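Novice: Protein chains in written order, with numbering that gives the first Met the number 0: chain L, 0 to 554; chain Z, 0 to 435; chain R, 0 to 273.
I should point out that these hints are in silico values taken from the structure, not numbers from a laboratory. Be aware that one or more of the hints could be misleading.
What the hints assert, rightly or not - Below are the DSSO-like pairs computed for lysine-lysine, each with C-alpha atoms no more than 30 Å apart in a straight line:
id : chain 1 : residue 1 : chain 2 : residue 2
1  : R       : K8        : Z       : K356
2  : L       : K341      : R       : K146
3  : L       : K522      : Z       : K429
4  : R       : K203      : Z       : K219
5  : R       : K8        : Z       : K261
6  : L       : K522      : L       : K145
7  : Z       : K406      : L       : K72
8  : L       : K521      : Z       : K219
9  : R       : K173      : Z       : K261
10 : R       : K10       : Z       : K77
11 : R       : K203      : Z       : K83
12 : L       : K341      : R       : K166
13 : Z       : K77       : L       : K72
14 : R       : K203      : L       : K341
15 : L       : K72       : Z       : K429
16 : R       : K261      : Z       : K261
17 : L       : K339      : R       : K173
18 : L       : K341      : R       : K120
19 : Z       : K77       : R       : K8
20 : L       : K227      : Z       : K181
21 : L       : K514      : Z       : K261
22 : Z       : K261      : L       : K522
23 : L       : K521      : Z       : K181
24 : Z       : K175      : L       : K517
25 : L       : K339      : R       : K10
26 : R       : K120      : Z       : K83
27 : Z       : K175      : L       : K145
28 : L       : K521      : Z       : K406
Stated by the list, open to error - Reference listing, derived: stretches of chain L covered by chain Z, where coverage requires no fewer than 3 residues with Cβ under 8 Å from a Cβ of chain Z:
id : segment
29 : 314-321
30 : 370-380
Predicted, not measured: the structure shown is a model, and the values here were computed from it. A virtual CB, placed ideally from N, CA and C, is assigned to each residue, including glycine.
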Amino acid sequence: MDPANGIECEVKDIAMRGGKIVEEVSSSAKVIDASEMLVMPGGVDIHSHIAGSKTNAARMLRPEDHVTDFERKTALTRSGVGHSIPSTFTTGYRYARMGYTTVIEPATPPLMARHTHEELNDTPVIDKACFPLFGNNWHVMEYLAKGDVEGCAAYVAWMLRSTKGYAIKIVNPGGVEAWHWGGNIRGLDWEVPHFDITPREIIRGLCRVNKMLKLPHAIHVHPNNLGKPGNYSNTIKTMDCVRDIAEDGRAAIHIAHCQFTSFKGEDWSTLRSGAEEIADYVNKNRHVTIDMGQIIFTATTTMTADGPFEYILHQLQGRKWYNADVEAETGAGIVPVVYKRKNFVNATQWAIGLELALLVRDPWRIFMTTDHPNGGPFTAYPRVISWLMSKRAREGAMKRMNQNAIKKANLPSLNREYSFAEIATVTRAATARALGLKDKGHLGEGADADVAIYRVNPKEVDPSNDYRAVRKAMRRAAYVIKEGEMVVKDGEIAKVIEGKTFWVNASVPGDMEVKLQKELLKKFQDYYTIQAENYVIAEDYLARSAPIEQGVAKQ
Amino acid sequence: MGEESVIRNVVCPFCGCCCDDIELTVSKNSIISAKNACALSQAKFGSAREERVLRPKERVNGKFSETDYERAVRRSAKILAEAKYPLLWGWSCTSCEAQRVGVELAEEVGGVLDNTTSTCHGPGLLAVHDVGESTCTLGEVRHRADLIIYWGCNPVHAHPRHMRRYTVQSEGRFRKGREERKMIVVDVRNTEAAKMADEFIQIEPNGDYEALTAIRTCLKGEELEQEVIAGLPSTRFEKLADELIDCEFGVMFFGLGLTMSKGKSRNVDAALSLVRDLNSKTKFLAMPMRGHFNVTGANEVFAWQTGYPFAIDFSQGYPRYNPGDTSGVDIASRGDCDAALVVASDPISNFPLEAAKGLASVPIITIDPHETPTTNASDVVLPSAMVGIEAGGTAYRMDGVPLTLRKIIEPPEGVLQDTEILSAILREVKNLNGGR
Amino acid sequence: MTKILLKPKGKFSVPIEASTITPESFASKTLEQMRSLEAWEGNRRTSLDSLFDIEVETDGGEEITILMEGDVSKLRRIGKGMRSGTLTICGTAGMYLGEAMRGGVINVNGGAGSWLGARMKGGTIEVSGDAGDYIGSAYRGSIEGMKGGQIIIRGNAGNELGCWMKKGFIRVGKNVGQLAGIHMIDGTILVEGDSEARTGAQMKGGRIIVMGQTANVLPSFSIEEIRNVVRAGEERLPGPFYVFAGDLAEGGNGRLYVFKEKNPHLGFCEAFIE
């Protein structure tokens, strides 16, 4: 399956050399017989919390999460623990076994970016990148309050270079700064306390910056009001607030884990799915992409930079709560959760995620995620795939759920079933394209030789009926090739290699840079408790640095 | 070459403050002066060459004799590989890069990996497992805090620049200085910090849990039925509860006064629960005053690589965790370990007597820059470079902010870094294990 | 009945993991099979027969009785998850004895270590001597403590007894350390001797009865009444008892019964009885 190159279910040979897919190789090449197996590009996960300060705080918060799910050391692999917050070695191995070869850590506090990179360095096999957080950043808010988009662009470029980040991440814009005083922001036009700015201005400003810097990925946004009944309307407003700045043919905004921000209703008892309205907007507006944020019925851990949301969740549940505010930048919150089938709210959430995927028509603009671990561990992806591909699988699942929720949901009446090509799209081809990773997510010449081979025959197996076979096959790949090396064989790690860390080497013209340095140095001491020199992460800090050059044209 | 050079923005490798504005003047491979450095920092930079172990040594027939790294590494690897339950202890005074090798080594030898958290803030981490924590980075305190509590700790003594750089005497965006902040000290003695406070609450020794519980009870709107709590009139706590609610942004720093007095992890449990409760009324956060400059780093590295922050037992081939069982002090007290590797730490001095005795009764390998009672009790001693002075690497500040330590001067002739020594031992152990 | 006798072959120095020593593991096994059951000696995977002399007496009956003699204080997790049968230890038992037990009986003629009956769901554990800390507790970070069964300690018990306990009964014949019933959710704890300090700390529910002395009661406990008789399991204990409700700091509704006669210093609370 190579939907990026228009190939759907064709029998072909794939030649690899030097870590790349090439047109042909000599007869002395090693041969893998993949006949009757499903072959896709390696998976590209656009949003998964696998590394960094809050992920590690969650590990330390929850020893009970790890105690029964562990992996022993083998001759090839390091030991570790799993379930919802796996240790780093286990994370890499488990992704690889499922045929994923690129994973994005989507929420990095810039002050602690060094920590994220240390953990990514210790996450084997997969390629990775991280998104620094900008939506509550003091410098950003001040630049944009003044209307100085150019200055902001120079700053963002410096930040991406300094923190070795890949894209602009925005979480509850303004809301986390308000949370640093114990408050929150509930609307796009609310004023952020002490800063002369609104979430709308932050999002629009950063969208402009993104355009100016020609960054490979759109602004990646976790809107205000996540987790609040009725928030779907705010999500639509958020998507709409950059429509006029969007460029033709390119996504201007990506809404992360959209399920959590697609709630209709006034309170928990009247909670409904807003997926139809959201999907309708996405279908009509090409400047938007979204990812699912599907929930799984299991015990898992919520973790997000959206500190105030986590506090509310803690108050609802009464269990332990972790919070870490980061000076001048952002925050984090962590709360353990259990999603239960018989729970009205959880069953509704489950339906919402799938409705989004089934109602958004263009598989190039909706991506499959669980917002690991917020919706559930990434190891549940094969299960989500089975729900997307089989109405029977959905019906079987729905039988065991809160019937009140199911009755009120749209999902039972949706007959659409994803094809293998569409699955390949929403788990790799589309995500790679949205990220601007030109050599990922496809099997054409010049692509990175990242190939996932699953033991299921797409020409014979009907996923609608035999979804169990598909699920089983996708849990443990038959073969996974990464950069031309066989890293997984029969679902086990065959070789451990070190993945690359992508980052954007964003730059601005010299005069903009000079202006920035002057302003920055002055303010840095006032804002931070560390020196500017120590904030910057040197390139050799990354085990395998893979910069993407991106420049800005002078306006 | 005889010229002086000035190195700026150096991260100090002493306490958990990890001040990164130190300016060092260096000449002829020697640190002549340190600007912005507190007394503890001055002492560390200034005495870098004192009491150094200069050559590897090993005990032969009960007496030390000088050897070389190769022999010392081989003997160390043999001891560790043959041990059935080795303890790998220390780690808080070395770099994250060295800690990472340590994790792999502990896994390879099937031993127990533990850091000094076990002897100081371990109880705090145990409390976090149960109740969580509301915390922040130090800049948040500087910018916003109008109420700062030091409970069971004396920053004047142990973290000299804490107040000036980050808390009561600092200048922030929303608080201009000392006059806009209130400082409360709760302690069992009238310390130097207590003398600086706007309010000093002297509770009786081992009364912290009762005191914290009293405040929590008031916060819930309940009446206190006892007249005297923790040696003070109960009205004192009613008043304190009101003060805490009244602030805009409060922070509680706590230290060994809580973690090591009667109740231990439950003292911290009560403190963190109080801070959590306060968030329903105002903004409140807590932070442990970590002692060593990279104990936080040891917790971070261990946690991301194994899932657990300290006291990790690899004896069955995967990480297992239960402080009290898998913690170094307890293992040594019970005589459970049959060998030990000590890295940049002095447990023979710092452990309780039973544990020190237990440790001294087994073969010890120590990697340390300095002569200590532990090196003197060891079978093999491998000298190492001082991290943050003679070797670089990553360290984590008490609030989790990662910083890069520098190599300022060369180590004494021939002395290797922790990372090199540990890697060599690991290689040798792997050879001996033959890919088992 | 099948009786299995295990005698340590020597003195143990490193920790021994022996979670295969349960009636279920031994059921329907030949002597050879029993000998090759897995155990860990530190980091060495080994089998039971390298550590124990094993003898079997059977009349063909299904009921299993395991008898261990000697110092087994270095053994961890004996009786883990057992569901039936009897396990008797004549000597000092180690940590995690009867962890996650579901049924059956464990007897110790001697003392026991910490985490005795942790996460227990059913069955009976009886210890003639003293036991350590965290009896009947949950794992670190979890709120799933003891959920059923009973633990009887005839001697003294350590600190944090019944931590996160959900259900079941723990009885201590002599004194208990501090923080008995910490974070308790439900269940009953009976202390026939003294309770050192901080009894019922942070409890949300459940009942703790102290027949001996307790130096103080936490400030988060409020006097409710004085009762003449208090029920504990099948027993009716004659008082009078001070009855405190708490832990109020947790919004808890547990009850702490303190024997009035032994605690005259708690008399101040009578002024608050409505």
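Novice: Please go over all the hints and tell whether each is borne out by the structure.
Specialist: Quick rundown of the hints versus the structure:
1. R:K8 with Z:K356: OK: R:K8 and Z:K356 at ~26 Å, within 30 Å.
2. L:K341 with R:K146: 23 Å, holds
3. L:K522 with Z:K429: Distance of about 51 Å is beyond 30 Å: violated.
4. R:K203 with Z:K219: 14 Å, holds
5. R:K8 with Z:K261: Given that 30 Å is the threshold and the Cα spacing comes to 40 Å, the pair is violated.
6. L:K522 with L:K145: With Cα atoms ~16 Å apart, L:K522 and L:K145 stay inside 30 Å; holds.
7. Z:K406 with L:K72: The given pair, whose Cα atoms are some 34 Å apart, is violated under the 30 Å limit.
8. L:K521 with Z:K219: 46 Å, violated
9. R:K173 with Z:K261: Holds - the C-alpha atoms of Z:K261 and R:K173 are around 21 Å apart, at most 30 Å.
10. R:K10 with Z:K77: 24 Å, holds
11. R:K203 with Z:K83: Violated, at about 43 Å.
12. L:K341 with R:K166: 25 Å, holds
13. Z:K77 with L:K72: 21 Å, holds
14. R:K203 with L:K341: Since the Cα atoms of R:K203 and L:K341 sit roughly 26 Å apart, the hinted pair holds (cutoff 30 Å).
15. L:K72 with Z:K429: Between L:K72 and Z:K429 the Cα gap is close to 13 Å, so the pair holds against 30 Å.
16. R:K261 with Z:K261: 24 Å, holds
17. L:K339 with R:K173: 44 Å, violated
18. L:K341 with R:K120: Given pair L:K341, R:K120 holds - Cα atoms ~25 Å apart, limit 30 Å.
19. Z:K77 with R:K8: This hinted pair holds, its Cα atoms lying about 27 Å apart.
20. L:K227 with Z:K181: Cα-Cα ~37 Å, so violated.
21. L:K514 with Z:K261: 57 Å, violated
22. Z:K261 with L:K522: 45 Å, violated
23. L:K521 with Z:K181: With a Cα-Cα distance of about 29 Å, the restraint between L:K521 and Z:K181 holds, given a limit of 30 Å.
24. Z:K175 with L:K517: With Cα atoms ~24 Å apart, Z:K175 and L:K517 stay inside 30 Å; holds.
25. L:K339 with R:K10: This hinted pair is violated, its Cα atoms lying about 50 Å apart.
26. R:K120 with Z:K83: 33 Å, violated
27. Z:K175 with L:K145: 24 Å, holds
28. L:K521 with Z:K406: Measuring from Cα to Cα gives roughly 27 Å; hence the hint holds.
29. 314-321: holds (count 4)
30. 370-380: This one is violated; 0 residues, fewer than the three required, reach chain Z with a Cβ under 8 Å.
When each numbered hint is compared with the structure, violations occur for hints 3, 5, 7, 8, 11, 17, 20, 21, 22, 25, 26, 30.
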